[in-house]
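Once you've looked at the hints, dock chain B against the given chain A.
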Amino acid sequence: MEQFLSYANGRYLKVSLFLSVFLSIIYVMHEPGQPKNGGTWFGYTLGTISAVLIIWLMYFGRRKRDYFSTLGTVKGWLSAHVYLGSSLLILATLHTGFQFGLNVHTLAYALMCIAIFSGFYGAWTYVYLPIKKRENLKTISAEEYYLSIEDVDRQIIKLAKDLPESLSLMINSAIERTEIGGNLLEQLSAEDKSCLIYKDELYANVDQSGCIHLLVEELSKVTEQQRAVQLKQIIDLFGRRKKSLKILRYHIKTNVLLKLWLNIHVPVSFALLAALMAHILSVFIYW
Amino acid sequence: MTEQYKIVVIGAGPGGISAATHAAELNISHVLLEASPKIANTIQKYQKGKHVMAEPSILPLRSPIAFEAGKREAILDEWQQGLLQNKVNIKYNAAVVNIDGEKGDYKITLADSSVIQAEFIILGIGVQGNPRKLGVTGDDADFVQYTLDNPDDHKNETIVIVGAGDAAIENAVVLASNNKVFIVNRRDEFARAKEGNLNLITAAIDKGDVECCYNTNPHSIELTPEQEKPGIFVLKTASGEIKIPVDRIIARLGAIPPRALVESFGIEFPNSDPNSIPVLSAKYESNVPGIYVIGALGGYPLIKQAMNQGYEVVEYILGNNINPADHPLLENKLEHLPFDLGVDEILSLMQTEIPVFTPLSALTFRELMLDSQVHVFEPNIEIFKKNDYTNSFYTILQGEVNIVIGDRVIKSTQGNFFGEMSLISGRRRSATVLSGESCIVIETPRRTMIKLITSVDAVKRVLDETFITRTIQAKFAPKVTIEELQPIVSKAKLNQYSANEVLFAEGDEANCLHVIRSGSVTVSKKVAGKDIPMTYVAANNVVGEMGILGNTVRSATITATVKTETISIDSDSFNDLLAKSPTLRATMELEVQKRHLENTKLESESETGDILSFLMQQGLGEATDVLLINEDTCVGCDNCETACAATHGGTSRLNRKAGPTFAHVHVPTSCRHCEDPSCMKDCPPDAIHRGGLGGEVFIDDSCIGCGNCERNCPYGVIQMEYPKEKNSSFWNWMFFNAGEQPGENKVKEGDNIKKAVKCDMCKDIDGGAACVRACPTGAANRVSPENFINVVNI
Chain A
26 MEQFLSYANG RYLKVSLFLS VFLSIIYVMH EPGQPKNGGT WFGYTLGTIS AVLIIWLMYF
86 GRRKRDYFST LGTVKGWLSA HVYLGSSLLI LATLHTGFQF GLNVHTLAYA LMCIAIFSGF
146 YGAWTYVYLP IKKRENLKTI SAEEYYLSIE DVDRQIIKLA KDLPESLSLM INSAIERTEI
206 GGNLLEQLSA EDKSCLIYKD ELYANVDQSG CIHLLVEELS KVTEQQRAVQ LKQIIDLFGR
266 RKKSLKILRY HIKTNVLLKL WLNIHVPVSF ALLAALMAHI LSVFIYW
Chain B
7 MTEQYKIVVI GAGPGGISAA THAAELNISH VLLEASPKIA NTIQKYQKGK HVMAEPSILP
67 LRSPIAFEAG KREAILDEWQ QGLLQNKVNI KYNAAVVNID GEKGDYKITL ADSSVIQAEF
127 IILGIGVQGN PRKLGVTGDD ADFVQYTLDN PDDHKNETIV IVGAGDAAIE NAVVLASNNK
187 VFIVNRRDEF ARAKEGNLNL ITAAIDKGDV ECCYNTNPHS IELTPEQEKP GIFVLKTASG
247 EIKIPVDRII ARLGAIPPRA LVESFGIEFP NSDPNSIPVL SAKYESNVPG IYVIGALGGY
307 PLIKQAMNQG YEVVEYILGN NINPADHPLL ENKLEHLPFD LGVDEILSLM QTEIPVFTPL
367 SALTFRELML DSQVHVFEPN IEIFKKNDYT NSFYTILQGE VNIVIGDRVI KSTQGNFFGE
427 MSLISGRRRS ATVLSGESCI VIETPRRTMI KLITSVDAVK RVLDETFITR TIQAKFAPKV
487 TIEELQPIVS KAKLNQYSAN EVLFAEGDEA NCLHVIRSGS VTVSKKVAGK DIPMTYVAAN
547 NVVGEMGILG NTVRSATITA TVKTETISID SDSFNDLLAK SPTLRATMEL EVQKRHLENT
607 KLESESETGD ILSFLMQQGL GEATDVLLIN EDTCVGCDNC ETACAATHGG TSRLNRKAGP
667 TFAHVHVPTS CRHCEDPSCM KDCPPDAIHR GGLGGEVFID DSCIGCGNCE RNCPYGVIQM
727 EYPKEKNSSF WNWMFFNAGE QPGENKVKEG DNIKKAVKCD MCKDIDGGAA CVRACPTGAA
787 NRVSPENFIN VVNI
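Protein chains in written order, with the numbering used here: chain A, 26 to 312; chain B, 7 to 800.
Because the hints were derived from the structure by calculation, they are not lab data. Careful: at least some of the hints might be erroneous.
To be verified - Under the rule of at most 16 Å between Cα atoms (straight-line distance), these lysine to aspartate or glutamate pairs were calculated in the EDC-like manner: (1) B/K481 <-> B/D413; (2) B/K213 <-> A/E169; (3) A/K183 <-> B/D212; (4) A/K183 <-> B/E217; (5) B/K732 <-> A/D91; (6) A/K271 <-> A/D232; (7) B/K732 <-> B/E755; (8) B/K497 <-> B/D578; (9) B/K730 <-> B/E755; (10) B/K12 <-> B/E31; (11) A/K268 <-> A/E169; (12) B/K663 <-> A/E168; (13) A/K89 <-> B/E647; (14) A/K183 <-> B/D215; (15) B/K213 <-> A/E175; (16) A/K284 <-> B/D644; (17) B/K213 <-> A/E201; (18) A/K163 <-> B/E613; (19) B/K663 <-> A/E169; (20) A/K163 <-> B/D638; (21) A/K183 <-> A/D261; (22) B/K213 <-> A/D187; (23) A/K89 <-> B/D644.
Claimed, not checked - Quick look at which bits of chain B chain A covers, simulated, 3 or more residues with Cβ under 8 Å: (24) 151-161; (25) 646-656; (26) 767-779; (27) 782-794.
Even for Gly, the Cβ is constructed at its ideal location relative to N, Cα and C.
Next comes chain A alone, as it looks inside the complex (with noise of 0.2 Å):
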């Protein structure tokens, strides 16, 4: 199936293609009779499209919400968004004519830059981090890994009933205290701060393995068969639910990532296009 990079055989790439070789070509023959810069007929030609251009990129967040309009589809105008969006990076350069300073004209042009470079990075995420969030859930998907964890855990606790107190408490406290998700930088890191209590103390439980270690532990003690099966099922329950856990933690990474990059790029959009005005307000003021 087609994917928002290819769509419609690359027609947005030869478009921005053509747009930077031809715009760049110009540039090197270029000849204005002082240092090339952004006041020059062909600067100001390169500024109007690159303002256009980053009006109209910005105006893809209209488009992705405007649900009735039947202008192309969503992934067209991502396809373009990509594509336009990084000969913004070609365009605009030419614009500045390498001249930078500290000045709001450089401060637009970083924030840019910022816009496109995350861009890029969002890019990334959505090509590669859905094929890799594919092939971590394996065949079924999150929802289902959430209930055969509910599903072990009440195995767990049925089997649970009828052992010692102390491991049975064991037991129900690492279940009640296994930790998964948390606040966006416990989801980012997919650490496993899960924990247990045994014998009124607190230990890390990471992937299980605290409490796996207590079973396996109690297993080379026990004598009675019955209870050894018991027990062996327990851990295998226990292995179960790490391997649940597991996927689940890199499924939550992944989907804050597929995210994350839009908090840093939206909003630098739109500081951006602040700082474009003042560029643009400044230069037909003060030049």
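Relative to chain A, chain B alone:
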């Protein structure tokens, strides 16, 4: 002494109440018998405050009892008042167990063995049936109940629920949060329950919220008025008796369908189909003279219809030949016809002119005509187009039509019918039909025709035969006349397969081919001892021709994915066809070659088969258009859901996250527009339709919010939702934070009811499916089953 009445009305539903009240206002001796302790048992069972609609709105009400749309309580109250004011003689808790005698002298035996004499009987007992009783001593105690009105009414009680079905489980789970709940199951598992309910009850039992007594039967109920709990429920378990002091016993043991009772009165049903309706005269009289049937039992499920019939039936009993309430509607419908005749004459003319309608009773035909449209066409008007998704049925009252199949035109004349192919298969139209000279046709909606087919055998037979003839002609021998095909047609067989049934297996001797009439099949091959599905074949296609052409054994196994009907043609008949139609062999061989190529291509893809079987497990075998999400490109932005909500009044009809996934294919919870939609089967106002070119199944504004479709949909894609406000403009939201964000509309204020909403494939939106167009990465796609294989092989 036995009581004696002219009219005995059985069943105090809308029809019965209306009939008894009309008898009362005419001062006719009468009694209204109701098996339960309240009137209108079915409506009593609606949830509290439910809005009851008065459909069809065009039909005038003709009854001494008032009725207009409103809250359940208000309506019941009004009826109760009406009964009082008219001094209707009503007996509650009077279940009829037997009827003896004949017209003028019936003896009606009640459950308490008392006998009532009647000259005429009006039967209006509905189709819901009475709840199956516990059947143990003490089950008449007032703490024994068969329904649960409002779970919040019960707190800190000990409640025993008897039953293992969905109703029992749902009650047990909802009551468990505030009460001590036991559930009594005769068996050792909950085999009858839906998957979701099974999970709920197992979880509740594991957690100890509900205590389950397996392999247990109710034994008796002892009353203990002096003690804290009003009774003791004695249960028989595998290990002996247990006694539970209870506040309440709720028995959810299902209902006894009333058909057996009705048949015991001597009333005949045309066949064993559970949906069939007793044969009635135009005056609602059954085959037993003096016994009249009205309301849902007679095939009229709407309240207003039943009430009108209640009034009319009393008039008919009195010998008054009044016109039915629907008379003006029919008059209106038929007035543009160029006949100088009254309604009844036109109707009987139609029945004589159109053989397929001749076997119908006058009443059934009248009902059919109420749903149908009569079109008078100028010559050369397109009635429907090939590949349209319409599925109504047409009969020719006058003149002729031209059926265009490829480059051939077949004329069909007065008395014939067309459009039955799509009616039966649920698939697109297979030909274009144009009107001919002086053409008048009757168009009958699919739902009405399906009802007719299940209730009148003669109609089913005629349609089936024609279907077979036309299928064979269209598929194999377009140039051969129907007369010549007759011997082949008579040998062709109609077969029915349930889901997962095998039509034939790889290695079997090839002795026939199948044309799929409805449903769909998968073609699978054995690879390393395992059946691997190779492809999917939808209705209106042929399978099994490979074996029969090559005269070899079957090269693949064909399995029905859903309930499937096929027409099978044996090898001798097929050889006849080959002889009659010289080009047939060449076309079929080409088809076979194509399929061989496809198969070899698929064999190399090991995952393909697994994904295909996954899709079939999700019931996509009966889909005509389904939303699939490619997990390899889905970024989880939910723009599809927002797009759906924003374009459909604020409620998304799809749930992206929900639904199963296999490999990269995710099936979100969203309508698949089934070939034979379960949602359409029981819609009282007939608000669910199938659209034209897209074939979308959609719900129109006449939805009364009954929730039948939501319950009937096996895939959970219909929701009941309150109507929502329109959103303010995007820019106002964006810059001034005014209103809600796109797709998050506020619920409308005021006294609104929940109505059913579902995917309508964006039939009213330019550009098509909003979910697909709003997907930034192209992960969301709408796919028809013919293209499954392409989705699978990405």
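Hints and how they fare:
1. B/K481 <-> B/D413: Holds, at roughly 14 Å.
2. B/K213 <-> A/E169: This hinted pair is violated, its Cα atoms lying about 21 Å apart.
3. A/K183 <-> B/D212: 7 Å, holds
4. A/K183 <-> B/E217: Holds, at roughly 15 Å.
5. B/K732 <-> A/D91: 15 Å, holds
6. A/K271 <-> A/D232: 7 Å, holds
7. B/K732 <-> B/E755: Given that 16 Å is the threshold and the Cα spacing comes to 12 Å, the pair holds.
8. B/K497 <-> B/D578: Holds. B/K497 to B/D578 sits at ~10 Å (cutoff 16 Å).
9. B/K730 <-> B/E755: Roughly 8 Å between the alpha carbons, so the hint for B/K730 and B/E755 holds.
10. B/K12 <-> B/E31: 14 Å, holds
11. A/K268 <-> A/E169: 13 Å, holds
12. B/K663 <-> A/E168: Distance ~8 Å between B/K663 and A/E168 Cα, so the pair holds.
13. A/K89 <-> B/E647: Roughly 13 Å separates the two Cα atoms, so the pair holds.
14. A/K183 <-> B/D215: 14 Å, holds
15. B/K213 <-> A/E175: Status holds; Cα separation ~12 Å.
16. A/K284 <-> B/D644: Holds - the C-alpha atoms of B/D644 and A/K284 are around 11 Å apart, at most 16 Å.
17. B/K213 <-> A/E201: With a Cα-Cα distance of about 15 Å, the restraint between B/K213 and A/E201 holds, given a limit of 16 Å.
18. A/K163 <-> B/E613: 13 Å, holds
19. B/K663 <-> A/E169: 11 Å, holds
20. A/K163 <-> B/D638: Since the Cα atoms of A/K163 and B/D638 sit roughly 12 Å apart, the hinted pair holds (cutoff 16 Å).
21. A/K183 <-> A/D261: Status holds; Cα separation ~14 Å.
22. B/K213 <-> A/D187: 15 Å, holds
23. A/K89 <-> B/D644: 12 Å, holds
24. 151-161: Per the Cβ count (0), the hint is violated.
25. 646-656: holds (count 4)
26. 767-779: holds (count 6)
27. 782-794: holds (count 5)
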